[in-house]
Amino acid sequence: MSLQATMNAPCATGRVARRSVKVSAISAPPTPARSPAATGSVKRAMTMTEKILANHSDNSSVKPGDNIWTRVDKLMTHDVCGPGTFGIFQKEFGPNAQVWDNERVVIIPDHYIFTSDARANRNVDILRDVASKYNIKYFYDITDRSNFKANPDYKGVCHVALAQEGHCKPGEVLFGTDSHTCNAGAFGQFATGVGNTDAGFILGTGKLLIKAPPTMRFIMDGEMPEYLLAKDLILQIIGEISVAGATYKAMEFAGSAIEGMNMDERMTICNMVVEAGGKNGVIAPDKTTFDYVKARTQEAFEPVYSDGAASYIADYKWDVSKLEPLVAAPHSPDNRKTARECSDVKIDRVYIGSCTGGKTEDFLSAAKLFYRAKRQVKVPTYLVPATQKVWADVYTMPVPGCDGKTAAEIFEDAGCITPAAPSCAACLGGPRDTFARMNEPEVCVSTTNRNFPGRMGHKEGQIYLASPFTAAASALKGYVCDPREYM
Amino acid sequence: MLAAQKRALFVQRPGRQTCVRVCAKVSKKDDEPRIVRGKCFVTKDNIDTDQIIPAEYLTLVPSKPDEYEKLGSYALIGLPDDQYTTRYVKDGQMKTEYPIIIGGQNFGCGSSREHAPVALGAAGAKVCVAESYARIFFRNCIATGELYPCETTIRLCDELQTGSEVTVDMDKNVLTDHSTGKTYQLQEIGEAGPVIDAGGIFEYARRQGMIKTV
Chain A
150 MSLQATMNAP CATGRVARRS VKVSAISAPP TPARSPAATG SVKRAMTMTE
200 KILANHSDNS SVKPGDNIWT RVDKLMTHDV CGPGTFGIFQ KEFGPNAQVW
250 DNERVVIIPD HYIFTSDARA NRNVDILRDV ASKYNIKYFY DITDRSNFKA
300 NPDYKGVCHV ALAQEGHCKP GEVLFGTDSH TCNAGAFGQF ATGVGNTDAG
350 FILGTGKLLI KAPPTMRFIM DGEMPEYLLA KDLILQIIGE ISVAGATYKA
400 MEFAGSAIEG MNMDERMTIC NMVVEAGGKN GVIAPDKTTF DYVKARTQEA
450 FEPVYSDGAA SYIADYKWDV SKLEPLVAAP HSPDNRKTAR ECSDVKIDRV
500 YIGSCTGGKT EDFLSAAKLF YRAKRQVKVP TYLVPATQKV WADVYTMPVP
550 GCDGKTAAEI FEDAGCITPA APSCAACLGG PRDTFARMNE PEVCVSTTNR
600 NFPGRMGHKE GQIYLASPFT AAASALKGYV CDPREYM
Chain B
607 MLAAQKRALF VQRPGRQTCV RVCAKVSKKD DEPRIVRGKC FVTKDNIDTD
657 QIIPAEYLTL VPSKPDEYEK LGSYALIGLP DDQYTTRYVK DGQMKTEYPI
707 IIGGQNFGCG SSREHAPVAL GAAGAKVCVA ESYARIFFRN CIATGELYPC
757 ETTIRLCDEL QTGSEVTVDM DKNVLTDHST GKTYQLQEIG EAGPVIDAGG
807 IFEYARRQGM IKTV
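Protein sequence lines correspond, in order, to chains A and B. The numbering of the first sequence is my numbering, which starts it at 150 and goes up by one. The numbering of the second sequence is my numbering, which starts it at 607 and goes up by one.
Quick caveat, the hints were computed from the structure, so don't treat them as lab data. We put the CB at the ideal spot given by N, CA and C, even for glycine. Do not take every clue at face value.
[Claimed, not checked] No more than 25 Å apart at the CA atoms, straight line, and that leaves these computed lysine-lysine pairs for BS3-like:
no., chain 1, residue 1, chain 2, residue 2
1, A, Lys240, B, Lys650
2, A, Lys286, A, Lys486
3, B, Lys635, A, Lys608
4, B, Lys635, B, Lys701
5, A, Lys282, B, Lys670
6, A, Lys298, A, Lys286
7, B, Lys635, A, Lys240
8, A, Lys240, B, Lys676
9, A, Lys608, B, Lys696
10, A, Lys240, A, Lys192
11, A, Lys608, B, Lys701
12, A, Lys527, A, Lys495
13, A, Lys608, B, Lys650
14, A, Lys486, A, Lys527
15, B, Lys645, B, Lys670
16, A, Lys486, B, Lys650
17, B, Lys676, B, Lys645
18, B, Lys635, B, Lys645
19, A, Lys436, A, Lys466
[Unchecked claim] Between beta-carbon pairs, the in silico distance windows are:
no., chain 1, residue 1, chain 2, residue 2, range
20, B, Glu794, A, Asp207, 44 to 52 Å
21, A, Asp497, B, Asp775, 44 to 52 Å
22, B, Asp672, A, Glu451, 27 to 35 Å
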């Protein structure tokens with residue numbers, strides 16, 4: 150195999166000579182001859198994660214710790230990491246290279262959209278250029294920032310858009326340049342976040358070298374009390390195992406409470422897997438999953454399930470009927486407390502939004518609580534629907550059990566701030582003029598995913614992560630508040 | 607001794623004198639030992655990516671050389687001021703005085719943003735020595751070749767002080783604190799070492815013949 154690489158040869162004058170390269174092929178290191186154990190005559194019991202990775206590599210069986218080359222079904226990127234990812238792709242594969250499959254790359258601007266920051270706006274322009282150059286089929290563009298509805302292609306928050314546009318399918322492998330890519334594990338697929346360099350590599354080859362993770366299992370059994378939501382369950386788990394409790398591991402969620410959840414709620418759980426350090430999260434696909442997926446894509450898929458005899462490195466079980474509404478107090482997602490015990494914490498604002506807590510189900514939940522309470526909020530309450538579809542649901546869908554009122558009507562009656570244009574907005578602070586960014590040291594209850602120092606803007610801001618019920622209740626009280634007070 | 611090996615990136619603009627931009631990837635020569643000596647900067651547990659490079663700076667694109675340098679100037683600017691009175695990069699400077707970062711558990715947790723190890727490397731960090739790392743950050747250090755993510759079982763963040771001169775020897779797996787003379791055991795950098803030596807996964811793959819070019 151000849152080796153001609155980009156050679157940078159500094160010369161006396163300080164000028165650097167550069168020969169351009171054209172990559173013609175990528176070869177994985179040669180695999181040794183397969184033993185009977187590897188050819189399938191002796192198959193070990195595998196978890197869902199191991200099976201998906203086995204199906205996507207040259208192995209009939211995969212065990213935790215194996216370094217494997219996996220084929221990639223979809224690669225997602227957004228405005229913050231997309232330009233860098235394509236920059237690396239162009240530098241390493243050459244200006245004339247093509248992406249491995251222009252229908253498997255999904256480019257979703259969502260992070261810094263509704264801002265006057267010139268560099269942020271430039272980054273969306275860069276994405277437009279690469280989408281055109283590489284004939285990318287799925288590019289959810291925005292050109293008119295003054296009116297999000299005037300952009301028919303624009304979706305909003307990438308992880309919610311991926312699901313809503315039918316890109317999430319059972320049994321598949323998805324990588325994204327965003328840590329919350331694990332969100333898609335709710336569909337029974339392997340989904341995880343990577344950096345620009347790994348993503349650039351995938352762009353050129355359609356493969357990635359990864360280590361198969363062992364699986365921790367979390368069984369959530371029993372009937373969900375009316376005051377509890379998926380967010381409470383994942384906060385329970387993260388508080389139990391800590392922010393590094395699942396590092397390098399897969400988190401598999403099962404049990405009757407999980408089975409009873411719709412896709413929005415399942416996504417909330419898998420979304421925060423990364424907050425426990427987890428590599429990926431999975432939930433076994435079932436009729437709920439199939440109905441959702443088939444309504445959004447005609448593409449075939451093959452669901453995969455953990456074997457009954459599969460090995461787990463840890464097993465946790467909870468009876469959800471015994472759990473209480475929780476918060477993660479400043480400054481860590483594992484700083485678990487009951488909402489009840491924080492009832493003396495005065496707050497300055499509430500934020501309902503993000504991939505974690507800005508989906509249709511999240512807004513329906515908040516609206517239900519506001520409707521029952523029949524009261525006005527005591528603090529500024531910011532609402533950011535994750536996508537155009539969620540925004541439309543907020544304005545058109547009657548909230549169950551609320552006399553035909555839409556969430557938007559209920560929010561207005563409660564005195565919330567008008568729902569904003571869909572994007573990531575203040576979940577991660579962003580440019581200074583971002584909607585709802587915390588520019589003063591305030592106390593906020595938020596349905597988002599992280600509360601490290603400075604997460605929503607100001608370094609001394611204090612963020613309590615919570616479910617939409619708890620966020621709504623806190624907005625009404627003016628303090629961190631257990632939602633049972635209004636139910 | 608590993609001097610500040612710099613990789614030069616050629617940037618050409620039409621009709622203008624070519625200029626060399628310096629990107630501080632590690633890029634070690636084959637026969638050189640894997641040793642870094644310099645002042646250390648001590649951080650504690652769970653240093654997340656928002657503290658390493660706050661989200662408002664993510665509009666900077668790391669593959670653009672001038673924005674790469676700017677990212678470096680903001681490295682670790684998100685650390686709370688009351689706990690960290692010394693800044694990693696002094697106000698008004700582009701580079702750090704501390705090529706060695708000391709961490710506790712779960713260093714680099716949070717986002718997948720590659721801007722995190724890139725900002726540290728661009729600032730002049732060469733090696734981080736911590737009890738443990740978050741996985742995406744660890745992977746990004748290696749893929750970019752920006753930073754050696756060394757591990758140790760010792761709680762160095764309680765032993766060392768910011769500003770102390772230390773030597774990190776990744777061949778002998780020892781960290782020496784020159785202010786006290788004490789030595790501490792490090793874990794082997796293993797397979798990650800040669801990848802970072804080469805300057806990242808692509809350069810390594812080229813040298814190994816994994817990427818065929820015409």
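Each hint tested on the structure:
For the suggested pair lysine 240/A and lysine 650/B, the alpha carbons sit about 36 Å apart, so the restraint of at most 25 Å is broken. Annotation: proposed proximity of lysine 286/A to lysine 486/A is violated, straight-line Cα distance about 45 Å (limit 25 Å). Restraint check for lysine 635/B and lysine 608/A: the C-alpha separation of about 41 Å exceeds 25 Å, so the hint is violated. For the proposed pair lysine 635/B and lysine 701/B, the alpha carbon gap of about 23 Å is at most 25 Å, so the pair holds.
Restraint check: the Cα-Cα separation between lysine 282/A and lysine 670/B comes to about 19 Å, which is no more than 25 Å; the hinted pair holds. A threshold of 25 Å between alpha carbons decides the hint, and for lysine 298/A with lysine 286/A the separation of about 21 Å falls inside it, so the pair holds. Using a Cα cut-off of 25 Å, the hinted pair lysine 635/B and lysine 240/A holds, with the two alpha carbons roughly 22 Å apart. At roughly 20 Å between alpha-carbon atoms, lysine 240/A and lysine 676/B fall within 25 Å of each other, so this suggested pair holds.
Taking the CA atoms of lysine 608/A and lysine 696/B, the gap is near 18 Å; set against the 25 Å cutoff, the hint holds. A threshold of 25 Å between alpha carbons decides the hint, and for lysine 240/A with lysine 192/A the separation of about 42 Å lies outside it, so the pair is violated. Of the supplied pair hints, the one linking lysine 608/A and lysine 701/B holds, its CA atoms being roughly 23 Å apart against a limit of 25 Å. At most 25 Å may separate the alpha-carbon atoms for a hinted pair to count; lysine 527/A and lysine 495/A meet this at roughly 11 Å.
Note on lysine 608/A and lysine 650/B: the hinted pairing holds, with a Cα-Cα distance of about 17 Å set against a maximum of 25 Å. For a cut-off of 25 Å, the pair hint linking lysine 486/A to lysine 527/A stands: about 23 Å separates their Cα positions. Proposed proximity of lysine 645/B and lysine 670/B is contradicted: the alpha carbons are some 29 Å apart, above 25 Å. Between the alpha carbons of lysine 486/A and lysine 650/B the distance comes to roughly 23 Å, so the proposed pair stays at or under 25 Å and holds.
Note on lysine 676/B and lysine 645/B: the hinted pairing holds, with a Cα-Cα distance of about 22 Å set against a maximum of 25 Å. Proposed proximity of lysine 635/B and lysine 645/B is supported: the alpha carbons are some 23 Å apart, at most 25 Å. Among the hinted pairs, lysine 436/A with lysine 466/A is consistent with the structure: their alpha-carbon atoms are about 24 Å apart, no more than 25 Å. Distance hint check for glutamate 794/B and aspartate 207/A: the Cβ-Cβ separation is about 29 Å, which falls outside the suggested range of 44 to 52 Å.
A beta carbon spacing of about 50 Å between aspartate 497/A and aspartate 775/B agrees with the range 44 to 52 Å that was offered as a hint. Checked against the hint of 27 to 35 Å, the pair aspartate 672/B and glutamate 451/A fails, with Cβ atoms roughly 47 Å apart.
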